[in-house]
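K.L.:
These are the residues of each chain, in order.
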Amino acid sequence: MTNHWIDLKNSDCILIMGSNAAENHPISFKWITEAQKNGAKVINVDPRFTRTSSKSDIYAPLRSGTDIAFLGGMIKFILDNKLIAEEYVLNYTNASFLVNKDYSFNDGLFSGWDAKAKKYDRSTWTFQLDANGVPLRDLMMKDNLCVINLLKKHYDRYNLKQVSKITGTSEAELLEVYKTYAATGANDKAGTIMYAMGWTQHTVGVQNIRTMSIIQLLLGNMGIAGGGVNALRGESNVQGSTDQGLLFHIWPGYIPSPNGKIAKLEDMLKRRAQSKDPLSLNWWQNEPKYIVSFLKSLFGDKASAENEFGYPWMPKLDEGKPYSWLDLFDEMYKGSIKGFFAWGMNPACSGSNATKVRKALANLEWMVNVNLFDNETGSFWKGPETIPENVATEVFMLPACVSVEKEGSISNSGRWMQWRYAGPKPLGNSLPDGDIIMELGLKLKELYKEGGVFPDPILNLKWDYMADHKFDPHKVAKQINGFFVKDVKVGDQEFKMGSQVPSFAFLQNDGSTSCGNWVYAGSYTDKGNMSARRKQEDAPNKIGLYPEFAWAWPVNRRIIYNRAAVDPKGQPYDAKRWVIQWKDGKWIGDVPDGGQPPLVGPDGQPDPKAKHPFIMTVHGLGQIFGPGLNDGPFPEHYEPLECPVEKNFMSSQFTSPTAAHYGTSADTFATCDPRYPYVGTTYRVSEHWQTGLLTRPQPWLMELQPQMFVEMSEELGALKGIRNGERVKVSSARGSLECTAVVTKRFKPMKIAGTVVHQVGMPYNYGWRWPTSGKEESANLLTPSVGDPNTRIPETKAFMVNVTKL
Amino acid sequence: MSKAFFVDTTVCTACRGCQVACKQWHNLPAELTTNRGTNENPPDLSFDTYKVVRMREEVIQKKLNWLFFPEQCRHCLSPPCLDTAGDPRAVYKDEVTGAVIYTAETRFLNADDIISSCPYNIPRKSADGTLAKCDMCNDRVHNGMMPSCVQTCPTGAMNFGDEKEMKELAQKRLNDVKSRYPEAKLLDAEDVRVIYLTLYDPKLYFKYAVASNSDVNLTRQLALKKMFRPLTAIASRVLQA
Amino acid sequence: MEVTRRDFIKITGATAAGLAVSGSLGFDLSPVKAHAQMLKTKYAKETTTICCYCAVGCGAIVHTSKKGDGRVINIEGDPDHVINRGALCSKGAALAGLVENENRLLNPMYRAPYATEWKEVTWDWAIDRIARRVKATRDASFTATNAAGQTVNRTTAIASVGSAALDNEECWIYQAMLRALGLVYIEHQARI
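If you read the sequences in order, they're chains A, B and C. Under the working numbering, think of the first position of the first sequence as 1, with each following residue one higher. Under the working numbering, think of the first position of the second sequence as 1001, with each following residue one higher. Under the working numbering, think of the first position of the third sequence as 2001, with each following residue one higher.
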């Protein structure tokens, strides 16, 4: 989230699309309800009428997988009706930039398409630069190559009729949503988006979010109270685990993992694009300090300038090769992976195309499964259609304790890091995950002392995070924050060796600071553990920031990009719900996104010390034209890999040309196939969590949602002779399962290009291990293993199925 | 000062935190259920379930609504069950809070009579005939805490406080929604400590949303006569509904 | 820790009155009523926590018995938490049922190749055995240079998924250990 949960109350219009907040983030409705009571409109766009829809002012159905068409129509509506926040768009976005003359878009493909390699050469997705290397702008926004005019041209095809034909949403419904949301383009109005996996789990996942980001920039909704782009993250610490770099492509703090081409540390420190624009802060130019401080945190005294701070010890990727979830299980299925940790995860149910995942697990030599309960992953060797005597995998199942039995921090969707305390002791012989990791690390160090291949990184790893033979989260939290490893003078401030860094502004690239994760610098300083704070007072702007309750990254900023919430003179666009303002020569309110003065001084003259507001982008401006993605600088509608239509009505390019595909015999697909005539989608129920691995063994929650089900319209029920509550079979090209039919008014058949299309939906909260009947299976047995070209997140929200009576 | 609930169904999201919080606080066991083609579960109140959120799909004025109704004991101002029981060791009214409390002594009474005297069909008996239902979390309330279902409610659907304050809040919310929803009403507000606000015909939400003498039963009719003054008032309410 | 509470409802003189009324009814209800009005959490240790399910980050209060087994008596929403103000959804309200759950794993379990059952093992044995398996697989598969001749110092024969269910501090040491071992297949919930 660019904003945070309480901030929802500040919104005038809340679009809930690609998420089901009332069911999956129930407490968000505390603040949504407050906004509604203050007059806000809530819009819900979803293939199915949900508990969220029941509380929305406007509900519009759409066919799963057509969000870009839906939102592309909104971009056209905003531009056609001149509803953009003009001053904001001109000053704070790249709308006025001139794009490379060789950029083009033709019938579904952008310039640079390499049909053989199935990828784009992105060299034309760039801006024209002046002699100093600063992007050329047309401040009148008249030039045909101006971003805003290319945008207009791109979405000219997304007219109401065409969008309705693709999405199945009626033109009247589209118009009502567009009008209501676009009204937030007014300076004193705020519109926000709440999305979740309903947007990410598509082969166009990133571009779904990009489309909305463009809308938010056009309407001036980024950086303001009640605005922003808000991802509702699904796990209590999935924000934190991402921040801490538990992904192949990033080190902690979003530092891209190096590949083999970056042979030397100095190459890594030089890799960032530099901006020649004096008004661009280009924050990532500070990356070298964060990289060196991170290496120091890993290897401590063993990391020095002489040994490149241990950079050679770090594993490197192959350039351009993904090591993502789908790739990992593809490799495991093919047999190249021998050992596997499933730590607090249940891939046998959570992985798309779960049959492929389960077969892959049987190829392992050993697996370590750490969890609170036995689950479908740990016990895969005795799962359905599996004969234990045929499975060679050695399996360790380690009991982790519950979060209330240990101490440590987690970070919520709003980037708030919050400390938790230990209540009871761990039950039985269960242990905090931290203890298990520490013990395993100590044992590995012990073994490598006796010899082994390339032992240096293991032996030199700083591993002193225990006290009284127990894992001490405070020691790690301090390491993550960072400290001075020797006496250091920064500017006119002096810091003693061993003192905590007050913020990332003090980190160094010479090895004099050690910091586990630069975005968390400031969280555990010499003043104490900031995440444990519980002060009830709000900030002076009274918009619910609660600046001394917990701690938010970065630097306790509660609304990021907040420098865009003020006009070029530094005065709030919305005086009632101001976030920051320039007063008496300084910023007040939230922690500003960079402390530099406003673009224009009190005398009306540009201030040379000023900086553009979007400090994390190279040019400092919001990216309406986004050159960094694999599938195009503007979002374009493509059909899901499996879909009910025979062509893409927007272009000749049927599905995403760059989507991630896999080629094993388990990767089967069936599009426009009469055997699988209905659009299927997956979701969660409020009463279970993720694959249900923590909630299915709980009687109180099983009482509420006891069984796997498939929801379908009354019309489809009638067509198939299926009655409400009876057991049915749902199948796809990859698998099938038995479940209970919920025949409901909340799904409706849709008209897609004149043809009736039925959609059905299933929760993915079940698996054979719990309940012990073994009959309630995972919806992921049906879902395909194809992925988004950027994130490689699987497309589990739109695929084709059949439903039959048992 | 006696207490009341205001249940604002207009903001209930059926997250069912209240249903679980009730079980958690009262240490009530889970029931074995099946999916009957609805999210609503367990299917009914029971000796182990004091609260069930009713979920109804209704098309009203061509628009689909999903109506949620957190069902529980209304803690009537003149509780028919208390009169039917006639034994303050088994059923009594807490003089401070107004909560209608059932004790283990109920097992010595005629449970079916008490059940059938309830205009909202609330009490449920165990195998040995002991009765149970919502106790207003009387222990919490006496210690200055909100009932579990109220504390856990995110949206302000469940409210609790002094009777006067709750009546004012209920009236305010009714006024807020009345212009947009002319059918909106407070249910049996003069007779109960659990006042519901509904936007549409309460019968669409749940069969027993308003006091009912539709199951013609002497005990219940007598009880209603005692409860509602005069009987014509309730009759007109029922007709409206 | 610091628990500054609390804005619970004010009941004028209620606590005292609660027990006083029994006499006024003219008969003695005190055993029943005294029991009903004593909070089960009265003598418990209180700690604050943040709910372990979705990422709203709701605060909760954990009541742990100070006597006997020292187990959880009650978990409910924290009224002083500025995000949820005491509210919890069905999953959050059931937190006590996650902790005090007879289905929990209480010991490390081991399944030998081709075995049909789990076997209970000690931590020492499990950690030692796992470490040896990790080392053997890593050492056999370690890649110093890739096909292009670039130094990569990694193993692609070991993979890890997880976890958003860990605390920040645990995530950080976990990634440190995995990267020191040379893993590149490091993934978790954020990818799916």
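In case anyone wonders, no lab produced these hints; they're calculated from the structure. Just so you know, even glycine gets a beta-carbon here, dropped at the ideal spot from N, CA and C. Warning: the hint list may mix true and false statements.
Unchecked claim - Simulated restraints, written as ranges between beta carbons of each label pair:
{"hint": "1", "chain 1": "B", "residue 1": "Lys1178", "chain 2": "A", "residue 2": "Glu385", "range": "24 to 34 Å"}
{"hint": "2", "chain 1": "B", "residue 1": "Thr1033", "chain 2": "C", "residue 2": "Ala2112", "range": "31 to 41 Å"}
{"hint": "3", "chain 1": "B", "residue 1": "Met1001", "chain 2": "A", "residue 2": "Lys37", "range": "51 to 61 Å"}
{"hint": "4", "chain 1": "C", "residue 1": "Asp2069", "chain 2": "B", "residue 2": "Lys1063", "range": "45 to 55 Å"}
{"hint": "5", "chain 1": "A", "residue 1": "Asp57", "chain 2": "B", "residue 2": "Glu1168", "range": "54 to 64 Å"}
{"hint": "6", "chain 1": "B", "residue 1": "Asn1027", "chain 2": "A", "residue 2": "Lys647", "range": "53 to 63 Å"}
{"hint": "7", "chain 1": "B", "residue 1": "Asn1027", "chain 2": "A", "residue 2": "Lys118", "range": "30 to 40 Å"}
{"hint": "8", "chain 1": "C", "residue 1": "Arg2132", "chain 2": "A", "residue 2": "Lys542", "range": "58 to 68 Å"}
{"hint": "9", "chain 1": "A", "residue 1": "Lys647", "chain 2": "B", "residue 2": "Lys1172", "range": "24 to 34 Å"}
Unchecked claim - Facing chain B, according to a computed beta carbon distance under 8 Å, are these residues of chain C, among others:
{"hint": "10", "residue": "Ala2087"}
{"hint": "11", "residue": "Ala2096"}
{"hint": "12", "residue": "Gln2150"}
What the hints assert, rightly or not - Here are a few chain A residues that sit away from chain B, every Cβ distance over 10 Å (derived from the structure):
{"hint": "13", "residue": "Thr52"}
{"hint": "14", "residue": "Met140"}
{"hint": "15", "residue": "Leu806"}
K.L.:
Now look at each hint and say whether the structure bears it out.
P.N.:
Cross-check of the supplied hints:
no. : hint                              : verdict
1   : Lys1178/B x Glu385/A: 24 to 34 Å  : violated, 59 Å
2   : Thr1033/B x Ala2112/C: 31 to 41 Å : holds, 38 Å
3   : Met1001/B x Lys37/A: 51 to 61 Å   : violated, 27 Å
4   : Asp2069/C x Lys1063/B: 45 to 55 Å : holds, 53 Å
5   : Asp57/A x Glu1168/B: 54 to 64 Å   : violated, 26 Å
6   : Asn1027/B x Lys647/A: 53 to 63 Å  : holds, 60 Å
7   : Asn1027/B x Lys118/A: 30 to 40 Å  : violated, 60 Å
8   : Arg2132/C x Lys542/A: 58 to 68 Å  : holds, 59 Å
9   : Lys647/A x Lys1172/B: 24 to 34 Å  : violated, 55 Å
10  : Ala2087                           : holds, 4 Å
11  : Ala2096                           : holds, 6 Å
12  : Gln2150                           : violated, 52 Å
13  : Thr52                             : violated, 8 Å
14  : Met140                            : holds, 45 Å
15  : Leu806                            : holds, 15 Å
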